[in-house]
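Q: The primary structure of each chain is shown beneath.
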Amino acid sequence: MRSNVLRHNLLTALLLGPATAWLLVFLVLPFVAIAVFSVGERAPEGGYQAAFTLAQYANLPARATAFWNTMVLAPAGALACLLVAYPVAYYLALRAPERWRLILLALVVIPFWTSLLMRTYAWMYVLGGRGVPALLAYVGMEDVRLINTPGAVLLGTVYGYLPLMILPVYVSLERLDRRLLEASADLGATPISTFLGVTLRLSLPGVMTGFSLVMILLLGEYLIPTLLGGGKVFFIGNALVDLFLQSRNWPFGSAIAITLVAVSVVVLLAANRISTRLSGARRVDLI
Amino acid sequence: MRAFVVAVFAFLYLPIALVVLFSFNAGHHASEFTGFSVQWYGKALANPFLVEALKNSLLIATTSALLAALCGTAAALGLARVGARTRAVFDALLGAAIVVPGVVIGISTLVALVQLFGVVNPFVASLWPNDQPPRLALGYGSIIAAHGLFSMALVAMIVGTRLGSLDRNLVEASSDLYATPLTTFRSIVLPQIMPAVVAGFLLAFTFSFDDFIVAFFVAGAQTTLPIYVFASIRRGVTPEINAIATIVLVASVLLVVLAQWQLRQRKPSH
Chain A
1 MRSNVLRHNL
11 LTALLLGPAT
21 AWLLVFLVLP
31 FVAIAVFSVG
41 ERAPEGGYQA
51 AFTLAQYANL
61 PARATAFWNT
71 MVLAPAGALA
81 CLLVAYPVAY
91 YLALRAPERW
101 RLILLALVVI
111 PFWTSLLMRT
121 YAWMYVLGGR
131 GVPALLAYVG
141 MEDVRLINTP
151 GAVLLGTVYG
161 YLPLMILPVY
171 VSLERLDRRL
181 LEASADLGAT
191 PISTFLGVTL
201 RLSLPGVMTG
211 FSLVMILLLG
221 EYLIPTLLGG
231 GKVFFIGNAL
241 VDLFLQSRNW
251 PFGSAIAITL
261 VAVSVVVLLA
271 ANRISTRLSG
281 ARRVDLI
Chain B
288 MRAFVVAVFA
298 FLYLPIALVV
308 LFSFNAGHHA
318 SEFTGFSVQW
328 YGKALANPFL
338 VEALKNSLLI
348 ATTSALLAAL
358 CGTAAALGLA
368 RVGARTRAVF
378 DALLGAAIVV
388 PGVVIGISTL
398 VALVQLFGVV
408 NPFVASLWPN
418 DQPPRLALGY
428 GSIIAAHGLF
438 SMALVAMIVG
448 TRLGSLDRNL
458 VEASSDLYAT
468 PLTTFRSIVL
478 PQIMPAVVAG
488 FLLAFTFSFD
498 DFIVAFFVAG
508 AQTTLPIYVF
518 ASIRRGVTPE
528 INAIATIVLV
538 ASVLLVVLAQ
548 WQLRQRKPSH
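Sequence lines, in order, name chains A and B.
Counting in the working numbering, the first sequence runs from 1 upward without gaps.
Counting in the working numbering, the second sequence runs from 288 upward without gaps.
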């Protein structure tokens, strides 16, 4: 009996061992390292010098533009993404002919398998001087600048994360009990009030999942603002690359990284809370 | 609504179509199409740096995805055997590994490894009998480990979800019929979680193959395909990149279609 328990525990330890080691060395240790660095000082030649000061955190306003851009463009990008994704998900889940559904769904996912880098750089052609602006000049609108603007970054974020937004919304709409829609119509609701009162409400958990997923990814985005913002529209990610690889101010970079993680955690907790409340409200409604 | 959906699909595929189209461009300039040619494919495959980067990416993606599939599956199986508290700690750590932005994973791993190597290397050197002690440095190992962290957490989550929905009656029936735990695992549990493991492996491979930002920090002297492509874009777009992007696109679509087909073929037998 006792040897059985021992064997059970040994096997559990063996199964969890590699994952534990991995998490400790490549997640916990790095996090502790930047936490320690963030209260340190920059060595004169760059890098880190031991200290205990909150000066790095006090210095955060020096990168206020990066924070401002990220905190404005990440939610805006997620929202724009949602506005484009919702009708597509709705069509796929409730309107598309049965035999087309899987093919259309695959078409949504395929771009996600191709690298974000390649897809973003394709937009550099389209928005660059000889792309759309050249076409606009042809019809008489001269000197339209598209690339290296906040608009271009926003477009890139919508494009890059659209599949990730469509999928969770699609899943929540697909699960929707269609009898509720019929019941709503039978009880004399207009299509619009059926949509607002039933469809939209029941799909809110999927909407929240997609929104927080895209938002979290956008908070740490680097490629899209770099390629489509051309150094004019920079995110926290750009500030981090600059501080770690160019100006080598590791302590300040660590403080920014810790702040970014804190912001992500707050966003996730808020999203979780809203989702719980929404699904709680839904349960009450259905009884 | 149909028109809107069609427009969104056009929006999704227009840039990809442009990349494919310009990969067959005869001219050097990325902005005007001057005739059909496959010369850029030849040039891309004859470019030693590009081929090296592609090989590195394939090696790193395969290794990290394999390790992640193994360790992630083991972790999911192990987590089904522990108490609620241990489970909660693991779930939090795995969740963190997925949610923490790649740019933060990249820099924090860089910082931690540089410090760690700073301690370990002199120590090993002092113990080493001759003048050429092995030196730990950033490279394949650090990219594989950093990619594998995210992938392993992803696999553990996917397989864990699958394990949660596993039919307990089958497992009990199997042990009631005197199957050993190993036999039960092989004939009941493994076939049921296999699709989740394969899906996790594919996701892990794709993630690692596509990742730029994590590798950018921890690659050391190595180059992966995304790092090479990023550098080429900064130097000025070259059509070679379009050719290699097209090859990768076709390969990944084929891979996924093949995987889907495999999974569907296997289903009826179970």
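Don't read these hints as lab results, they were simulated from the structure.
A portion of the hints provided could be inaccurate.
Covered by chain A, per the in silico footprint, the following chain B stretches (three or more residues, Cβ under 8 Å) [said to hold, decoys possible]:
1) 338-350
2) 362-374
3) 410-417
4) 429-436
5) 451-460
With beta-carbon atoms standing in for the labels, derived distance ranges [stated by the list, open to error]:
6) A/180 x B/465: 44 to 50 Å
7) A/76 x B/403: 24 to 30 Å
8) B/291 x A/187: 15 to 21 Å
Glycine included, C-beta positions come from ideal geometry on N, C-alpha and C.
Q: Find the hints from earlier in the document that the structure breaks and name them by number, from lowest to highest.
A: 1, 3, 5, 7, 8
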